[in-house]
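For reference, each letter of the sequence shown is one residue, going 0 to 322 in numbering that gives the first Met the number 0.
Calculated from the structure, these hints are not laboratory results. This one's a predicted model, so the numbers in the text were calculated from it and none came from an experiment. Careful: at least some of the hints might be erroneous.
What the hints assert, rightly or not - Pair by pair, the computed Cβ-Cβ distance ranges are:
#1 N95 / T115: 20 to 26 Å
#2 G320 / T238: 35 to 41 Å
#3 K114 / L206: 47 to 53 Å
As the list claims (entries may be wrong) - Heads up, simulated DSSO-like pairs for lysine-lysine below, C-alpha to C-alpha not over 30 Å straight-line:
#4 K78 / K263
#5 K289 / K178
#6 K32 / K163
#7 K3 / K231
#8 K43 / K235
#9 K114 / K163
#10 K246 / K289
#11 K72 / K270
#12 K163 / K263
#13 K246 / K270
#14 K246 / K231
#15 K287 / K263
#16 K163 / K178
#17 K18 / K72
#18 K76 / K194
#19 K232 / K72
#20 K114 / K246
#21 K287 / K163
#22 K178 / K246
#23 K32 / K73
#24 K128 / K26
#25 K240 / K76
#26 K128 / K18
#27 K128 / K194
#28 K194 / K73
#29 K283 / K240
#30 K3 / K26
#31 K246 / K18
#32 K194 / K212
#33 K232 / K18
Even for Gly, the Cβ is constructed at its ideal location relative to N, Cα and C.
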Amino acid sequence: MKNKAIQLLGESILPGESKTIDVEIAKLHTTTKLKIPIIIERSKIDGPIVLFSAGLHGDEINGTEIVRQIIIKKINKPKRGTIICIPIINIFGFVNQSRQFPDGRDLNRVFPGSKTGSLASRFAHFLIKEIIPIIDYAIDFHAGGASRFNAPQIRIVPNNSELKELASVFNTPFTLYSKNIQGSFRNACTRLGVKMLLFEGGKSLDLNSEITKEGVEGSKRFLAHLNMLNPKKEIKPNTNKTIFIEKSYWIRAHFSGMFIGLIKIGSYVKKGDTLATISDPFGKIEHKVKAPNNGYLINVNDAPIVYQGDAIFHISTQLEGLN
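Go ahead and model the full structure; you've got the sequences and the hints to work with.
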């Protein structure tokens, strides 16, 4: 694509050009049109094409805020190459503050989609056919669902040295090895050769400034690594190195009741440490939740009420290079 126009959604983007393309994905039953803005910034110097996307689940608003800040801070104006930002993929869910598409489907489970399938499937097909084929690298921003707060983390497939290097560059507190899920956006992008990092941080229907900062600063480090960061943008030093987690699992509640977490997200705990209490509302019973093993708490349930069997803490069991 050296010194040539990029063709996207029927439009040409020339070197050095900025363009916003409003894509009409469907109409509501009221005939109201819903459009998704796709924001493209291209340098005059040839280079990679990077996608920053969020809002695949419409209630995961913190990811949208990260991409919004990348835009308003002009981090998306590259030194070389092209940066494409889609702050909200699932505009339906964002409007309704819902995870799902209007047809009740999880968009992140229907990729690569179908031209003649459900509404969610058709939109997944559109993304895969019209946008992803020109992308070299992508970062997709997510948050925890159902009141579960994720520590800032990058998720990558195991045994991929290039993704591991990129995760080290992005440098969130944690990097989790996790296999691609069938039907997910990440899986579909991987099959098309896109090098994708999946960012998780915070929880749904919430904005958290610390999570936003992690996402924005990590994105700047990522672009600097690709020699794409605008030279006017400074990178804040981060002496900590991401902790690679090979294995982890969910601690589940043994009792129902009022839930009070006692340990800060991201903390390292030792076996037997008290992590939370679960109490009845009448002051008769209080159960302690104790750590079953040493490990980092990478997700905490923020719900005030839990039921027996609910996932309440996600804890690491094996770090890379350690048993």
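ask   = Of the hints given before, which are not true for this structure?
value = 2, 3, 4, 6, 9, 11, 14, 20, 21, 29, 30 and 31
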